[in-house]
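First to last, the protein sequences are chains A and B.
Counting in my numbering, the first sequence runs from 1 upward without gaps.
Counting in my numbering, the second sequence runs from 221 upward without gaps.
By construction, these hints were calculated from the structure, which means they are not laboratory data.
Check each hint, because a few of them may be wrong.
Unchecked claim - Quick list of in silico lysine-lysine cross-link-like pairs, PhoX-like style, CA-CA up to 20 Å:
| id | chain 1 | residue 1 | chain 2 | residue 2 |
| --- | --- | --- | --- | --- |
| 1 | A | Lys33 | B | Lys460 |
| 2 | B | Lys653 | B | Lys523 |
| 3 | B | Lys460 | A | Lys68 |
| 4 | B | Lys460 | A | Lys64 |
| 5 | B | Lys692 | B | Lys653 |
| 6 | A | Lys160 | A | Lys139 |
| 7 | B | Lys738 | B | Lys258 |
| 8 | A | Lys179 | B | Lys557 |
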Amino acid sequence: MIQNKSFFFLISLFICTIIFSPISLANMVMDEKGMVMNANSDNLPKDCPQISETVNLIVHAGQKYATKFNGKMFAFDQQQWNVKPCAKINITFINDDQIRHQFMIHGLPGYLYPDGMVHLELYGEGELKASLIVPSQKKTYLVHCELAQHAEKGMKAQLKVGGGDGDLPNISAISSPIKMDAYSIDWTMLKWGGMVILVVVTLIFVSGRWLLFRHFSRRK
Amino acid sequence: MFKKYFVWGLLSIVAALVVVITQWLPILEQHARANPPKTVFRNADNANVEKPCTNDHVEWRDAQEIEGVTLAASPSCEPDNPYTIASSVKGTNNVSMMTLMQSHLAQDAVIMGEDLDKDGDPDVIHIKLEVVELNGFSPDGDFLMNTYDIAPGLQPSLWVFAPKMQGMAVKNSNSRVAHPLLRAPSPVIRVEQGDKVFITLENTHYLPHTIHLHGVDHPWLTAAGHDNDGMEEHAVFPGKQHTYEIQPRHAGTMLYHCHVQTAQHFMMGLNGMIIVEENAPNNWVQTFNIGAGQVRHPAVAVKKMYDQEYDLHYQSLDKELAMIPQQANDPRLISQKMSREYNMTTSNENYFLLNGHSFPYTLRDAMIIAGEDERIKLHIANLQRSAIALHFHGHKATVMAYDGVDAPAGLQLTRDVFDIATAQRLDLSLKTKNDGLNSYGAGLWMFHDHVPTGTTTDGMEPGGNMAILAYKSLLDEQGMPKMHDALFNDIFNKEYYAKQRPLWATGNFAVLLGDAGKVAPNYGELIAFFTVIGVLVGAFILILYSYLQRKVHDTK
Numbered sequence: 001m002i003q004n005k006s007f008f009f010l011i012s013l014f015i016c017t018i019i020f021s022p023i024s025l026a027n028m029v030m031d032e033k034g035m036v037m038n039a040n041s042d043n044l045p046k047d048c049p050q051i052s053e054t055v056n057l058i059v060h061a062g063q064k065y066a067t068k069f070n071g072k073m074f075a076f077d078q079q080q081w082n083v084k085p086c087a088k089i090n091i092t093f094i095n096d097d098q099i100r101h102q103f104m105i106h107g108l109p110g111y112l113y114p115d116g117m118v119h120l121e122l123y124g125e126g127e128l129k130a131s132l133i134v135p136s137q138k139k140t141y142l143v144h145c146e147l148a149q150h151a152e153k154g155m156k157a158q159l160k161v162g163g164g165d166g167d168l169p170n171i172s173a174i175s176s177p178i179k180m181d182a183y184s185i186d187w188t189m190l191k192w193g194g195m196v197i198l199v200v201v202t203l204i205f206v207s208g209r210w211l212l213f214r215h216f217s218r219r220k
Numbered sequence: 221m222f223k224k225y226f227v228w229g230l231l232s233i234v235a236a237l238v239v240v241i242t243q244w245l246p247i248l249e250q251h252a253r254a255n256p257p258k259t260v261f262r263n264a265d266n267a268n269v270e271k272p273c274t275n276d277h278v279e280w281r282d283a284q285e286i287e288g289v290t291l292a293a294s295p296s297c298e299p300d301n302p303y304t305i306a307s308s309v310k311g312t313n314n315v316s317m318m319t320l321m322q323s324h325l326a327q328d329a330v331i332m333g334e335d336l337d338k339d340g341d342p343d344v345i346h347i348k349l350e351v352v353e354l355n356g357f358s359p360d361g362d363f364l365m366n367t368y369d370i371a372p373g374l375q376p377s378l379w380v381f382a383p384k385m386q387g388m389a390v391k392n393s394n395s396r397v398a399h400p401l402l403r404a405p406s407p408v409i410r411v412e413q414g415d416k417v418f419i420t421l422e423n424t425h426y427l428p429h430t431i432h433l434h435g436v437d438h439p440w441l442t443a444a445g446h447d448n449d450g451m452e453e454h455a456v457f458p459g460k461q462h463t464y465e466i467q468p469r470h471a472g473t474m475l476y477h478c479h480v481q482t483a484q485h486f487m488m489g490l491n492g493m494i495i496v497e498e499n500a501p502n503n504w505v506q507t508f509n510i511g512a513g514q515v516r517h518p519a520v521a522v523k524k525m526y527d528q529e530y531d532l533h534y535q536s537l538d539k540e541l542a543m544i545p546q547q548a549n550d551p552r553l554i555s556q557k558m559s560r561e562y563n564m565t566t567s568n569e570n571y572f573l574l575n576g577h578s579f580p581y582t583l584r585d586a587m588i589i590a591g592e593d594e595r596i597k598l599h600i601a602n603l604q605r606s607a608i609a610l611h612f613h614g615h616k617a618t619v620m621a622y623d624g625v626d627a628p629a630g631l632q633l634t635r636d637v638f639d640i641a642t643a644q645r646l647d648l649s650l651k652t653k654n655d656g657l658n659s660y661g662a663g664l665w666m667f668h669d670h671v672p673t674g675t676t677t678d679g680m681e682p683g684g685n686m687a688i689l690a691y692k693s694l695l696d697e698q699g700m701p702k703m704h705d706a707l708f709n710d711i712f713n714k715e716y717y718a719k720q721r722p723l724w725a726t727g728n729f730a731v732l733l734g735d736a737g738k739v740a741p742n743y744g745e746l747i748a749f750f751t752v753i754g755v756l757v758g759a760f761i762l763i764l765y766s767y768l769q770r771k772v773h774d775t776k
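Using the sequences and the hints given, assemble the complete structure.
Okay, structure coming up:
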């Protein structure tokens, strides 16, 4: 496997990045409250001559934001954000729960954001700030919390740049999941009764006249 | 008149045919008489065949020192991450950023505080646990999330307590495999006798949970007057946290488990061992033993008496219960299925795990690896639904403690089968002295639950909690037992535990013990049967037609 063969290589690479590259060092900030990875407030994407707009985004995360959706447990306070191409986004990430939550954006260009990610993580209640600059491409970026079952249970959102390129699946109240839950249908006696009447009426309409006709003709 | 006879005649022919063709009904099995079918061979799909040992992290196996913490060698296939151990010993607040990052623990996972008695080790400890679902539902497609295989191809959903970590719950951003810190069993927690320990449950899961400290000396209420017994009526809800406080006066092997809807939550995996080590100067205990097994940094008192220390966590799963979180995403549906539709009194045990794995995965990280003339301390906890009868091949071990209480001399029984009821613990002293009593010499000696279900995986043998007490000289350079290659070829294969492959079909015996082929159907009978069916259906249509014709004629 890659890990064992190049472990020491990776370690030395890691040390080298720390020593020789202040940008890499700035890519990760970590303390006892949380961490930020790959924040970028200065470097323009290749396709952006300048920053088009500066958006201040306040994002809350917590269990209480899921109460407005049916069948979810965790959520961000908003499920969708729209920004212009080449916008600079100043994120203020606020965790209202007493547990860990993350705000991760995926699919960004790797030359600015290693692994294509910007990652904000709070170890508990608190607040973190980080900035990023998005490229000019019209695209919908995945935003979620990567804790086990958090995105699945509602903590998933989308960042649309220039209107985006469609909706991602399973965004609460915006898009359907790919693999869906099945719920019992609300059958009542009234609904069943209606169906029975429908059958009887149809039956009479199709065959009743013939039956009746036969009946009367016999009487004659 | 003619028509009447015709119809009656037709009806009798139909009746006769029906009687006749019951003799030719297509059947699923047939006697082969003198010539049984040939053996069929199916080549294993390479995608389903696994390497016995992936041999990652070779460098983790050596004895080493990290952050001043000495770690014993761990020659097994999958040794524990030494950085996680070092951070567990020193505290996540006392190690370098490099070590912490490689441990993947959160910076506040294990906070080591003041040395109250000035004996050289910290006495105020804050431990943080999260709750994680493994092999859970994904609304994004027909696959599971945060996967954790208990044996080749087997992914029952599991709930575990996990040390508070940082970063993603998967191996990397392109993977659905759970991060190595997130695994069964819930981690073994070690604290020192007399320490002020604060265990915080941060409920990252979507259902309520608690931590009940079973057998650990703890006041019923916290200092502030809140629940400290992990009681159901004081459940910690999703997104919330609660801190349990202990200052244990008594040392021993104890348990912790969720006490909300205990039957189900316990059997989903929310249980673990907590070991209170005897107080001693300079006693830096290994707070977390991830995945149980070998303790690479034993406590001072253990080191004095023993050469090695192992934690053995026995656990069982009901596949029906473990399927519930995979059947729906809506927490309300999961809760309904688990609380009301599932019935524990009609449940089964299908999977038997030792340290989170079933055989053959137990060979990767749940072996006891011994040298000769060693004395090994074993902490054994039965967290199964049923009792176990633990048997060691080639050895007789001695009980040193029952449920965390030292056994008086008269109860220090030396046996080769240990009965352990649910939630009981035994501390055993296992000697590898080749004297015909303690040990019969070097070997790859199996040890397993002797209850017949215990060594099966959903009924497939060999499986379950089977593991090996291996003498170092008989392990290969990857830490796997020698002389097992033929067996490995058969069972490190998803198709074996999917019940699709025969055992023993090797060499000359491939023909004799492979899968019997199928026999050809009796074509004569089949053709006759379906011809008659055709005739009957035709006759039916004919009768119906003539009947309707007559009716129409009559009405005219």
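To see whether the hints hold, each was checked on the structure:
1. The straight-line distance between the Cα atoms of Lys33 of chain A and Lys460 of chain B is roughly 17 Å, inside the 20 Å bound, and the hint therefore holds.
2. With a C-alpha separation of about 18 Å, the suggested pair Lys653 of chain B and Lys523 of chain B falls inside the 20 Å cut-off, and the hint holds.
3. Restraint check for Lys460 of chain B and Lys68 of chain A: the C-alpha separation of about 19 Å stays at or below 20 Å, so the hint holds.
4. In summary, the hint linking Lys460 of chain B to Lys64 of chain A is supported, as the alpha carbons are separated by about 11 Å, within the 20 Å threshold.
5. Taking the CA atoms of Lys692 of chain B and Lys653 of chain B, the gap is about 14 Å. The hint holds against a cut of 20 Å.
6. The straight-line distance between the Cα atoms of Lys160 of chain A and Lys139 of chain A is roughly 6 Å, inside the 20 Å bound, and the hint therefore holds.
7. Between Lys738 of chain B and Lys258 of chain B the alpha-carbon distance is near 8 Å, which keeps this suggested pair within the 20 Å criterion.
8. Taking the CA atoms of Lys179 of chain A and Lys557 of chain B, the gap is near 18 Å; set against the 20 Å cutoff, the hint holds.
Checked against the numbered hints above, the structure breaks none of them.
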